[in-house]
Structure formats: structure tokens, C-alpha cells
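Novice: For the record, in the sequence shown the residue sitting at position 87 is 970 according to the working numbering, with numbers rising by one throughout.
Keep in mind the hints are simulated off the structure, nothing from the lab. Some hints could be false.
[As the list claims (entries may be wrong)] Distance ranges between label pairs, derived from CB positions:
| # | residue 1 | residue 2 | range |
| --- | --- | --- | --- |
| 1 | Ile892 | Phe949 | 20 to 26 angstroms |
| 2 | Phe977 | Asp1065 | 24 to 30 angstroms |
| 3 | Ile988 | His923 | 40 to 46 angstroms |
| 4 | Val927 | Ser899 | 19 to 25 angstroms |
| 5 | Thr1009 | Ser908 | 50 to 56 angstroms |
| 6 | Ile988 | Phe945 | 25 to 31 angstroms |
| 7 | Met975 | Met1062 | 30 to 36 angstroms |
| 8 | Cys903 | Cys985 | 19 to 25 angstroms |
Note that the Cβ used here is the ideal one computed from N, Cα and C, for glycine as well.
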Amino acid sequence: MTLVFFRYITAVIGLSVIFCFTSRSQSLSKDLGGSLKSDHKDIVKIALCGIIGQGAFSLFNFLSLFHIGATENGIIQGMQPFATVFFGMLFMNFRMNKVQWCAFITSVLCIYAMSVGPTNSIDGGTPTLGYIYVTCSMLSLAWTAHLRASLADNYGSVVSMLYQYISVAVVGFFAVIAMGLDLSQIFIILDSPLLIFLWRQLPHSAVLI
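Construct all of the structure, not just a fragment, from the sequences and the given hints.
Specialist: Here is the structure:
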């Protein structure tokens, strides 16, 4: 869970670097975002997408693994396309095209494949609580999917995600302090030349993509 918090921090750094490059290109900034200005009425939406769509998703997902195995977790998480479509149809008048229907059907097949896979037993775990946690995780990401897409349309994908990761990083910092997590684990990253190399190359690779 501490490493997830570091992921938020490095995401903010990486997206900031990407923004510095893309904002200078008129063609890239059109889709990725060329300005950090945002409408005040969207600030709450952006914060919710970050805190719930990223933070709550990761938190509940990790908590579920204390009670249920990876197979059960994967089955529930595989329901995200269903929940995303449901929320889209319910709140945003969303309709799927042929490609999305193909992805939807593929997801159904993958869920079935996982459902007949091996089941892991977690000693000391409470399966019911684990299912509740992973369901909350899945719904957190699905509930914000269309909202995140609309924000990306308004501000650009990089800018909207940068704001979302900033909000979840701020909340995550207070969560780390409240939970008493050991921030010295960052040395796991710093002591690995491979991880340092990947972290340094990420902004440049993302710009090229």
C-alpha cells in the first residue's frame, strides 16, 4: 500500500514532465491539454475522480486480498465493464458501438475463465468482507469512468489525470500518516537500478506515445 502511494507521487511527477513537453506542441496539446486552468465547478469532480476512481479503487482492492484469493478478486474486478456500461446508460445516456460490444463479450469470456480457475484459501480471512472490499473497489473505478472521460474531453487527458493524481496524492499522504505506514520503503525503488531506469524513461516514452 505504501508503494501505491509512491505510484501516485511518481505519477504526478511524470505527468508534470509530460505536460511540459506536450503543452509546447499545438497538435499534442489539443488532445492532451495545453493549459492548467480549470473551471471552479469541475474541481470537485476532478477530486472525486482521483480520490474515488484511483485512491478508493487501490485501497479496497488491497484490503480485499487479506480475505480472498487473487482468483476471486479477479472475477469481481472483471465485472468493471458491466458496471461501467450500467452507470453510463443510467446517468450519461451512453450506448456501445460494435468495438465496445466486442470488448464487453471478451470480458464476459475472461470472467468465466477465471471463475473456473483455482481458488485460494486465505488463513484468518473473512470471505464476505473480502467480497465487499473488492466490490467497492470495482464500483469506485466503474462509477468514475465516464466522468473521467468527460473531464478529459474538456481539459485534455494529461491535464485531467494530473489533477486527479494530485488530489489522490494529497489525500494519500494523510492516509499514510494516519495508518502509520513506513515511507522508508521508497528505498526499494531507489536501490533498484532497473526501477530507476524505468522511472526516468517513463516521461520520455509517454511523450513519444
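Novice: All hints are to be evaluated individually against the structure, with a verdict given for each.
Specialist: Here is what the structure says about each hint:
1. Ile892 x Phe949: 20 to 26 angstroms: About 24 angstroms separates the Cβ atoms of isoleucine 892 and phenylalanine 949, which means 20 to 26 angstroms holds.
2. Phe977 x Asp1065: 24 to 30 angstroms: Since phenylalanine 977 and aspartate 1065 have Cβ atoms about 42 angstroms apart, the given range 24 to 30 angstroms is violated.
3. Ile988 x His923: 40 to 46 angstroms: holds (41 angstroms)
4. Val927 x Ser899: 19 to 25 angstroms: Given about 22 angstroms between the Cβ atoms, the range holds.
5. Thr1009 x Ser908: 50 to 56 angstroms: With a Cβ separation near 52 angstroms, threonine 1009 and serine 908 satisfy 50 to 56 angstroms, so the hint holds.
6. Ile988 x Phe945: 25 to 31 angstroms: Holds, at about 30 angstroms.
7. Met975 x Met1062: 30 to 36 angstroms: Cβ of methionine 975 to Cβ of methionine 1062: about 35 angstroms, so the range 30 to 36 angstroms holds.
8. Cys903 x Cys985: 19 to 25 angstroms: For cysteine 903 and cysteine 985 the Cβ distance comes to about 37 angstroms; the hint is violated.
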